[in-house]
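Novice: Spelled out from the first residue to the last, the chains are:
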Amino acid sequence: MALTVGLRPLTRALLRPWARVPGAALGRPAAGSGDGVRCFGSPRVLVEPDPAAVGVAVMKMRNPPVNSLSLEFLTELLISLEKLENDKTFRGIIITSDCPGIFSAGLDLLEMYGRDPAHCAEYWKAVQELWLRVYLSNLVVIGAINGISPAGGCLLSLSCDYRVLANNPKYAIGLNETLLGIIAPFWFKDVLVNTIGHRAAERALQLGFLFPPSDALQVGIVDQVVPEDQVQSTARSVMAQWLAIPDHARQLTKNLVRKPTADRLLQQRDADIQNFVRFISRDSIQKSLHVYLEKLKQKKG
Amino acid sequence: MALTVGLRPLTRALLRPWARVPGAALGRPAAGSGDGVRCFGSPRVLVEPDPAAVGVAVMKMRNPPVNSLSLEFLTELLISLEKLENDKTFRGIIITSDCPGIFSAGLDLLEMYGRDPAHCAEYWKAVQELWLRVYLSNLVVIGAINGISPAGGCLLSLSCDYRVLANNPKYAIGLNETLLGIIAPFWFKDVLVNTIGHRAAERALQLGFLFPPSDALQVGIVDQVVPEDQVQSTARSVMAQWLAIPDHARQLTKNLVRKPTADRLLQQRDADIQNFVRFISRDSIQKSLHVYLEKLKQKKG
Amino acid sequence: MALTVGLRPLTRALLRPWARVPGAALGRPAAGSGDGVRCFGSPRVLVEPDPAAVGVAVMKMRNPPVNSLSLEFLTELLISLEKLENDKTFRGIIITSDCPGIFSAGLDLLEMYGRDPAHCAEYWKAVQELWLRVYLSNLVVIGAINGISPAGGCLLSLSCDYRVLANNPKYAIGLNETLLGIIAPFWFKDVLVNTIGHRAAERALQLGFLFPPSDALQVGIVDQVVPEDQVQSTARSVMAQWLAIPDHARQLTKNLVRKPTADRLLQQRDADIQNFVRFISRDSIQKSLHVYLEKLKQKKG
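Quick mapping for you: the protein sequence lines, in order, are chains W, E and G.
The first sequence begins at 1 in full-length UniProt numbering and counts up by one.
The second sequence begins at 1 in full-length UniProt numbering and counts up by one.
The third sequence begins at 1 in full-length UniProt numbering and counts up by one.
Please note that the accuracy of each hint is not assured.
Any copy, or any two copies together, can satisfy a pair, since identical chains are not distinguished.
[Claimed, not checked] The calculated lysine-lysine pairs, modelled on BS3-like cross-linking and capped at a C-alpha distance of 30 Å, are:
#1 Lys287 x Lys189
#2 Lys287 x Lys259
#3 Lys287 x Lys88
#4 Lys189 x Lys259
#5 Lys83 x Lys125
#6 Lys259 x Lys125
Source of the hints: derived by calculation from the structure; they are not laboratory data.
Using the sequences provided together with the hints, build the complete structure.
Specialist: Below, the structure written as structure tokens:
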């Protein structure tokens, strides 16, 4: 974990210069920002134009300690993504984590435990929305995966156009839902099958595999594994390669390839929400969540 | 073949201790078994609780000489599988062969040659049923493939959750139907595509490839190749890994991944039977079968 | 390019002996051929029975300089393919190029630039027809890819049953449409996904990858890479392997695997033509084509 902790000062340093960049430097006046800085960010989602690459934003997830995808965090992510999509100055996003050692721990169990059905439904709709927005984004989306990335964190990674994983044996990635006694929804499964093929997905999903970097690369759940201090620079190089392609042709082609998978959810989005609510409301599942959350508390305590 | 023959005494030895295990030792009274032994077995299907692993049954196919899937043998397999599914003491099955050198030679041509349409239809329904039952089994099903596994024998292997193949160059596995002038039905094709991908399946199916162990592993038609005397122990280790996952989550996930493939047959099961009967009843096909069966007779004679 | 140029005299030599083969040598009288030679060929499509293999035709594309798939060339290809399909003496075709260094440059932009919608529609229908005829051919179709093979040239390659690529680093293959600012139609995408899998296709299509031989082999967009002077002989050896399978079983199996992909186009063929015409008629696309064609002119001039 030393390497990760070591990175934090660097991260801060990267943030500071950006904070001083005037909005005008990006070709238009700063809007809704008191100190004249153009800022899409929110408390949990730091968005900065890449100082070295025109048209690229770096989006840092900062929902400590583990970037759990709470409803509030999801909402902030969605707002930031929408703003970036609508801002013509941006053509690509690098998604990365500001929480040392963790890309994202995935869905927030507290949004599902002891909540009423309406809340669970609202939560699930936001989870769907995040996937649809990232998976079908018109922007090039590169995942700079600088930490462990289980379950929903893995889904977020899989929704990017390209995945660069830091070569730290602790940084495993996978859809490990079965280990918690729950199951991934069909569209998590579809995205995994698209990425690593049917057989590898069948096995990984049932066994709840969390792939360490070398296995992750071999099975194809990530595209590249690099030393931890090269994750961001590699993501930038890859971004340059993707941005060399005319946007319109790339976007239509991305849509051609990904739309059929997204459509499977879009055609039954409400039913999928109902399914989730029904599943999560079961006594047996609530009990499993209780046991699991108690364990987490004891760990912390 | 020496290795295989050498294994037989061991197999017998494994059977004998089981024969002495009283049903009560499994936590409930023996039922329908004269000597107090719990026994799902039938003349051709030996079912024994794994002496070393709680909840695991070993199912040995013994329909000499080549474990041809005759209607009678299929029926016994189906009954054993159903009993195991309904018996709460079992969570996994290891399927293996008691016939040296042969896992299963596949469908029994004698059930298709010179038979009336009603018989062929009944036979095909049983073949479908075996696939559906193994492919969608709630139990973990591991194939301990200790012999050659062509055509229907390969389908049975592909329907398991995991395949361990003995590293003997004679133990080839594949859907070699075209070599006999017949064609695999669409659901054999679907399962092969799911396992090794579209392109490899396209080529293997047309050329009737029988993959020897090293090629089988490389193309992914089996998951693991081990020395012949380690097939059973490896299957047991793998089983332990699968049984570490909560059953309910694993079963739902398996269903999530496999149901769409099974549904393609379920939605047109009768049409598939009619197709088979029509195809097999053609004069040209009956002639091909005749030629092939005559060749087999001469070999034996 | 030295190697390729060096090959031309050889190619001519191969053609000359064929020109002297009397039709009667193929077991039936020559028809519609002034000098008694059986000849399916046309000015741009040379078809010759393989002198060394019964039942095999070699089809050489000769539409210099780059085998652009013009409407006229497509029409000749289609007529030749239809004749071969209907001629019981042939069981397989080897498709190769007679233009040094280029297998086929793909679609002819001059058939799309400055043309009226009716012409574009007619052209697109011919492109569809070529794909359907090669992809679903009852004959074994082997691609002896002796040159670069971008875009439509790659599609033609992907539609073969097997691809042998000459090991020359200049001979790249891929669907590079996005580089020109256009997009591959869905059925190009489907065939690429079938061949190299969903993830590799997603990336290659968006980035317009042209794979040099070693990468092409690794990703699986070709089946074999051999020294340039062994492409034809390797294609012949592979053909022998495919012809060892009974035709009827192989054809039905090919249809089983490929028909669902072809059906996706067949079910919406007119809509696909309208889509193409609408897309290509856009001012922005016409302008892109203009720019590109002007560049090509300058290169030549």
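Novice: Could you run down the list of hints and mark each one as holding or not?
Specialist: Here is what the structure says about each hint:
1. Taking the shortest Cα distances, Lys287 and Lys189 sit within 30 Å of each other inside one copy (25 Å), while across copies they are farther apart (42 Å).
2. Proximity of Lys287 to Lys259 under the C-alpha cut-off of 30 Å is restricted to the inter-copy arrangement: shortest distance 28 Å between copies versus 37 Å within a copy.
3. Proximity of Lys287 and Lys88 under a CA criterion of 30 Å is satisfied inter-copy only: 22 Å between copies versus 48 Å inside one chain copy.
4. For the identical chains of this complex, Lys189 and Lys259 are neighbours both inside a copy (15 Å) and across copies (13 Å), given an alpha-carbon limit of 30 Å.
5. Taking the shortest Cα distances, Lys83 and Lys125 sit within 30 Å of each other inside one copy (19 Å), while across copies they are farther apart (42 Å).
6. Proximity of Lys259 and Lys125 under a CA criterion of 30 Å is satisfied in both settings, with 19 Å inside one chain copy and 25 Å between copies.
Checked against the numbered hints given earlier, the structure satisfies every one of them.
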